[in-house]
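**Q** The chain contents come next:
Protein chains: 2
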Amino acid sequence: MKIITIVGAGQMACALSFPATQNGNKVRVVGTPLDRDVIETAKTTGFHTLLKRQLPSTGIEYYQIEDVNKALDGADVVICGVSSFGVDWFSDNILPIIPENIPLLSITKGMIDLEDGSMITYPQYFQSKLILNKKLSINAIGGPCTSYELADKDNSVVTFCGYDIDILRTLKSLFESPYYHISLSTDVVGVECAVALKNAYALGVSLAIGLTIGADGLGHEHYNSQAGLFGQSVKEMKHLLEIVGGGEENIILSAGDLYVTVFGGRTRKVGTLLGQGLSIEESIKQLKGVTLESIVIATRTARGVRVLAKRGIVKLSDFPLLMHVDNIINSGAAAVDIPWKAFETEKI
Amino acid sequence: MKIITIVGAGQMACALSFPATQNGNKVRVVGTPLDRDVIETAKTTGFHTLLKRQLPSTGIEYYQIEDVNKALDGADVVICGVSSFGVDWFSDNILPIIPENIPLLSITKGMIDLEDGSMITYPQYFQSKLILNKKLSINAIGGPCTSYELADKDNSVVTFCGYDIDILRTLKSLFESPYYHISLSTDVVGVECAVALKNAYALGVSLAIGLTIGADGLGHEHYNSQAGLFGQSVKEMKHLLEIVGGGEENIILSAGDLYVTVFGGRTRKVGTLLGQGLSIEESIKQLKGVTLESIVIATRTARGVRVLAKRGIVKLSDFPLLMHVDNIINSGAAAVDIPWKAFETEKI
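Top line first, the protein sequences correspond to chains V and E.
Its first residue numbered 1, the first sequence is counted upward by one per residue in full-length UniProt numbering.
Its first residue numbered 1, the second sequence is counted upward by one per residue in full-length UniProt numbering.
Be aware that one or more of the hints could be misleading.
Identical copies look the same in the list; a pair holds intra-copy or inter-copy alike.
To be verified - Heads up, simulated PhoX-like pairs for lysine-lysine below, C-alpha to C-alpha not over 25 Å straight-line:
1) K285 to K26
2) K347 to K172
3) K288 to K153
4) K341 to K153
5) K315 to K135
6) K341 to K172
7) K135 to K347
8) K172 to K288
9) K153 to K52
10) K70 to K134
11) K2 to K43
12) K153 to K135
13) K52 to K341
14) K2 to K341
15) K129 to K153
16) K43 to K172
17) K52 to K26
FYI, nobody ran anything at the bench for these hints, they're computed from the structure.
Please build the complete structure, drawing on both the sequences and the hints.
**A** Below, the structure is given as structure tokens:
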């Protein structure tokens, strides 16, 4: 039995409590200041208001943020359970109080672009935020897995990544279950970029949903155009993986994760609304209160690629779909103007 | 204006008449002996009974098989429009009467395994069937495109492959349209294998649909398990592409084509029925009259891989999903026993 402390009571983090407790571990869920109501309700009823599920009835305890030190006391693993919008809060408030000998496992997907156009993953970002000489094992989860379905014990295939294979094996032993299947990889950059990028491209693929169902939503959903955008997404993600130095086999993760994300909720909704002809402002308004990581990751990746293109390192023409998505989000371009002809290639 | 003669009045072949006639070409559709009724109805009403659509009202003519020579007279291109079950008929009856100067463009997807475990594409197979010294330009279409949606002018992204880029460019000029987007590739083996394999794996992915909706079909469809099988499919297809010597960038085609096939009809149905617990015989019975190319391609590919494994060229353990699909089809294995743990990897 190990003690797993989750900081950030988001949906995915709390969904992990199912395989964790089933394996006999104790789970402590600590809410961020934004999770106060979630924790309060869970404490009294065991119900997670965002995941919309009863959490495991035994083996789980809930803490408000002021009790975080109590929740960390004796913990064997800490889970970073915040969304990409909470990464700085986590870095400033939680990273400093995690003891060196306790590994961190992060569920946050995303990337940050630097001024020179290079892109870094959250594990790298967390690393850069550690105080001088602090050593912390920072690991992360990638792969196609939506929180609802993990909570419902649908078979899910994920990858844990980190720099120390022994720590990864230990982490795997805490969570592996008959429905939660875990591969391991020490290629942190490859895994994390692969799964971060799919958010941007899921938005791109779902444009085709909105375009075929039309402004009134009554049209018939078509798949040829979705598949065309899916293939183009895989092509561009493959290229981006090369740029960041991730192993090309991680395209397997990108493709699987892109698949589940197109069907999985938030990103599909914003892409569909854009495809139906709404502006980015109107789309965000319709999805009020929902975190839209896809918009952030698309903007950051496009910004990075544009800087790299200016430096002569990549060609913008290799990323027509990413550029289109970015132009919709940040320059008011019409979703309907998908650059189909730019996807055509000649291989001789 | 060019004359395009389609032999085999299948759905995809006839769907091509939309971009073809829109570009001002004349299309002649010749039915196989099995298409007699399809041609008869189309002649009198313009309706394609399998595609369930009105074909273009102008620029298209219909021929029964006894008039095939008339239909070939003056043709600029011949389309092979048969399914994989008609390939031998086409080789025996049509290949010999196509003049050398007329390029062939085939829509048939599939592969044939030879006794030594190697796999050859239909363009290669057609080539092997030509009479001594006959030179014919044999080209083919790959990529994610269902016939219904092409007929409905949904944006579709495909690849024409063949050995002569100039002929490919000419073929492209006949069909490219505002909704039909064509890349070109001289990597015939890579393109054709990429798109053939997806049929086998689409069956694998759709097992998860049947497993989550359950025997009564009332369960909730989940995507984590589909995505897990999708990622595993991409991994195995990538490996198979290497084995046959196709360029690895063709995984883009496999992924897009797998995506559209999972949503596209026949293969999804058989995989779903198997996932729901029906035997292969019961599933085929339920889909009576429907061509099930996925079963053929999965069986052939698995047979090829098993021979290659015996010869020490590949490891069977690298293809757990293909083996599982093959075991369901050919050895009565239960769909539910998906070898999830065999999908897990360690990358150090």
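**Q** Against each hint, give a clear statement of whether it holds in the structure.
**A** Hint by hint, here is what the structure shows:
1. K285 to K26: Neither: 39 Å inside a chain and 50 Å across chains, both beyond 25 Å.
2. K347 to K172: This pair counts as between: shortest inter-copy Cα distance 14 Å, intra-copy 42 Å.
3. K288 to K153: neither (29 Å within a copy, 34 Å between copies)
4. K341 to K153: Intra 42 Å, inter 15 Å, cutoff 25 Å: inter-copy only.
5. K315 to K135: neither (38 Å within a copy, 40 Å between copies)
6. K341 to K172: This pair counts as between: shortest inter-copy Cα distance 13 Å, intra-copy 45 Å.
7. K135 to K347: between (48 Å within a copy, 23 Å between copies)
8. K172 to K288: neither (36 Å within a copy, 45 Å between copies)
9. K153 to K52: Answer is within: at 14 Å inside a copy they meet the 25 Å cutoff, but 40 Å across does not.
10. K70 to K134: within (21 Å within a copy, 82 Å between copies)
11. K2 to K43: Within one copy, since 21 Å is at most 25 Å while 74 Å is not.
12. K153 to K135: The answer is neither: 35 Å in one copy and 57 Å across copies each exceed 25 Å.
13. K52 to K341: The answer is neither: 43 Å in one copy and 29 Å across copies each exceed 25 Å.
14. K2 to K341: Answer is between: at 23 Å across copies they meet the 25 Å cutoff, but 55 Å inside does not.
15. K129 to K153: Intra 35 Å, inter 52 Å, cutoff 25 Å: neither.
16. K43 to K172: neither (28 Å within a copy, 64 Å between copies)
17. K52 to K26: Classified as within: same-chain Cα gap 22 Å, cross-chain 58 Å, threshold 25 Å.
This entry does not satisfy hints 1, 3, 5, 8, 12, 13, 15, 16, going by the numbered hints stated previously.
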